[in-house]
Amino acid sequence: MRILEGQGVTKYFGGLAAISNVDFHVDQGEILGLIGPNGAGKTTLFNLISAALPASSGGMRFKGQKISGLKPHRICQMGIARTFQETKVFGNMPVIQNVLVGAFFGKPTHISGAAAANEATQALEFVGLSATSAAPIKDLTLAQQKRVEVARALATKPELLLLDELMAGLTPTEVGEAMELVTRIRDKGITIIMVEHVMKAIMGISTRVMVLHHGEKIAEGTCNEISCNKTVIDIYLGEETHAAS
Amino acid sequence: MNITRLFTTHRKLLLMGFLILLIAFVLTFPLYGGARTRVLITMLVYAILAMSWAMFSGTTGYMSLAPAAFFGTGIYTTYLLQNHLPLPIIIVAAGLISFVLAVLLGLVTLRLKGIYFTIFTFGLVVFIPNVVTYVEGEVTQHHGWYFNVLDRTIILYTMLGLAVVTVLAIYLIRRSRLGLAMQSIGGNEEAAEHMGIDTTRTKVLTFAISAIFMGAAGAVLAPSLSYSNPTIAYSAFYSFVPIVAAVFGGMGSLQGPIVGGLLFGFLEKTLKVEWNTYFMLGFGIIIVLVILFLPTGMVGLVPILRDKLGGAISKWRKGREGEQHANT
Chain A
1 MRILEGQGVT KYFGGLAAIS NVDFHVDQGE ILGLIGPNGA GKTTLFNLIS AALPASSGGM
61 RFKGQKISGL KPHRICQMGI ARTFQETKVF GNMPVIQNVL VGAFFGKPTH ISGAAAANEA
121 TQALEFVGLS ATSAAPIKDL TLAQQKRVEV ARALATKPEL LLLDELMAGL TPTEVGEAME
181 LVTRIRDKGI TIIMVEHVMK AIMGISTRVM VLHHGEKIAE GTCNEISCNK TVIDIYLGEE
241 THAAS
Chain B
246 MNITRLFTTH RKLLLMGFLI LLIAFVLTFP LYGGARTRVL ITMLVYAILA MSWAMFSGTT
306 GYMSLAPAAF FGTGIYTTYL LQNHLPLPII IVAAGLISFV LAVLLGLVTL RLKGIYFTIF
366 TFGLVVFIPN VVTYVEGEVT QHHGWYFNVL DRTIILYTML GLAVVTVLAI YLIRRSRLGL
426 AMQSIGGNEE AAEHMGIDTT RTKVLTFAIS AIFMGAAGAV LAPSLSYSNP TIAYSAFYSF
486 VPIVAAVFGG MGSLQGPIVG GLLFGFLEKT LKVEWNTYFM LGFGIIIVLV ILFLPTGMVG
546 LVPILRDKLG GAISKWRKGR EGEQHANT
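Protein chains in written order, with this note's numbering: chain A, 1 to 245; chain B, 246 to 573.
Calculated from the structure, these hints are not laboratory results. Each hint should be verified, as a subset may be incorrect.
[Stated by the list, open to error] Dumping the calculated DSS-like pairs for lysine-lysine here, alpha-carbon to alpha-carbon at most 25 Å:
1) A:63 <-> A:107
2) A:138 <-> B:553
3) A:138 <-> A:88
4) B:358 <-> A:88
5) A:107 <-> A:88
6) B:563 <-> A:71
7) B:563 <-> B:553
8) A:188 <-> A:63
9) A:66 <-> A:138
Let the sequences and hints guide you as you build the complete structure.
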């Protein structure tokens with residue numbers, strides 16, 4: 001079943017098409033990897049789905065319901081949560097309170113204080129950060145702050161989770177841990193779209209991969225299909241190997 | 246035993262003593278005479294302005310320069326209604342009018358961010374009194390507002406009541422989910438939106454709630470003024486008082502702006518008598534020093550003093566014990 005579907009999604013910044021006529025879909029329960037060179041429009045697509053930006057044209061449906069034109073807080077309450085490429089934590093609060101915000105406001109129904117506290121504690125435990133619960137969030141490492149963002153998003157009880165470069169800037173060990181975390185989230189029954197530059201992670205856990213380039217979708221398929229795709233190698237993967245050497 | 250221990254072990258006793266002193270102080274208001282009563286009223290006005298300003302601006306990070314707009318509107322409300330309604334109803338009316346005004350302004354201005362929001366709110370402080378002056382000139386042909394004189398002691402008690410209500414309301418809001426929503430906007434507005442918070446509604450609502458107390462404070466103060474007019478009532482000074490007082494006292498806490506407002510009011514009214522405008526020079530230096538060395542404001546002094554004093558006392562005691570040992 002398709003949980004999210006976009007048709008002809010387009011976003012112009014002035015005359016520049018950051019996303020141009022992209023059709024895409026996400027199946028329930030899968031991990032969709034979203035890759036492409038810098039400036040390909042990956043984060044813009046996330047911003048369009050989460051309503052941080054209005055689309056110039058095209059429409060999106062979430063579980064069959066039209067979501068174009070809604071405000072970000074409504075999108076979140078409908079069940080689409082996200083993290084940010086550059087962490088956007090509530091720097092003026094301790095860790096647990098960051099997660100509490102998600103638990104309190106992220107659902108369409110009213111929730112009691114005790115229930116919210118309980119959910120926040122559970123979400124923090126799920127990402128393995130119970131020990132830092134009371135610490136000021138600024139005292140955490142980047143990897144930990146990204147995990148708090150995941151916990152905060154999970155506390156909103158999403159059905160679809162958008163992870164924007166969860167693994168950027170992490171050490172290889174931390175990448176391994178993050179991959180394990182993403183898989184565990186998927187096993188909870190939450191559908192995931194992840195933007196990532198770490199190929200090991202994308203190829204290791206994605207069910208399907210979609211490649212963007214200059215705002216257009218240039219390929220889509222399983223990890224094997226993508227890693228053998230000539231265009232993708234030319235534009236992106238080759239470049240990556242080259243950059244790494 | 247050091248000071249810290251004294252505080253913890255005798256907390257209840259100390260609190261009781263403080264409360265008794267406070268009650269005695271409040272009960273003796275009628276004995277203080279005109280000048281002192283006026284100082285106390287000013288102190289309370291500044292505390293109310295600082296608290297309600299900090300509740301919105303300190304928490305969300307939206308630096309509002311609008312307090313004078315609401316404060317002046319409160320004074321104007323009393324002037325308009327004083328011959329028709331009793332003071333308690335006028336106070337409520339002033340609060341409501343300020344609330345509605347703030348909702349309208351909020352809907353327009355709170356889409357602006359940073360300096361643009363600040364400048365726009367300041368523009369209102371210039372704009373509104375001019376509108377009032379224009380309307381008065383064209384419609385009523387009246388210039389200047391005269392107030393029915395009310396006993397200052399009554400005004401002082403009313404202001405104290407308003408201050409208590411303000412403290413309670415802000416205390417409850419800070420602990421509520423509205424408070425959490427405001428705080429998350431201050432932390433990162435974009436993230437707050439994506440966590441399900443209707444940020445526009447939260448900002449407009451809290452901006453308007455803070456305006457209630459500012460307007461009400463103006464309404465209570467009005468009868469203590471013999472004369473006012475749009476330029477005096479909407480003086481930009483009242484927009485800067487809460488900011489200076491809140492920064493001076495400490496913005497992060499509930500008590501910081503209260504302490505800052507009371508101190509600012511006290512210093513202004515008492516020192517001005519002796520030093521006239523030089524007072525501002527001295528006060529400016531004090532504020533710069535506070536900002537430089539006490540980032541959490543005057544309330545940041547309390548833990549520092551407690552530690553230092555406690556340390557010094559225990560050291561002194563140890564020294565004395567040592568002396569006694571040496572003597573035996």
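Subject >> Numbered hints the structure breaks, given as an ascending list >> reply: Hint check: 2, 6 and 9 fail, others pass.
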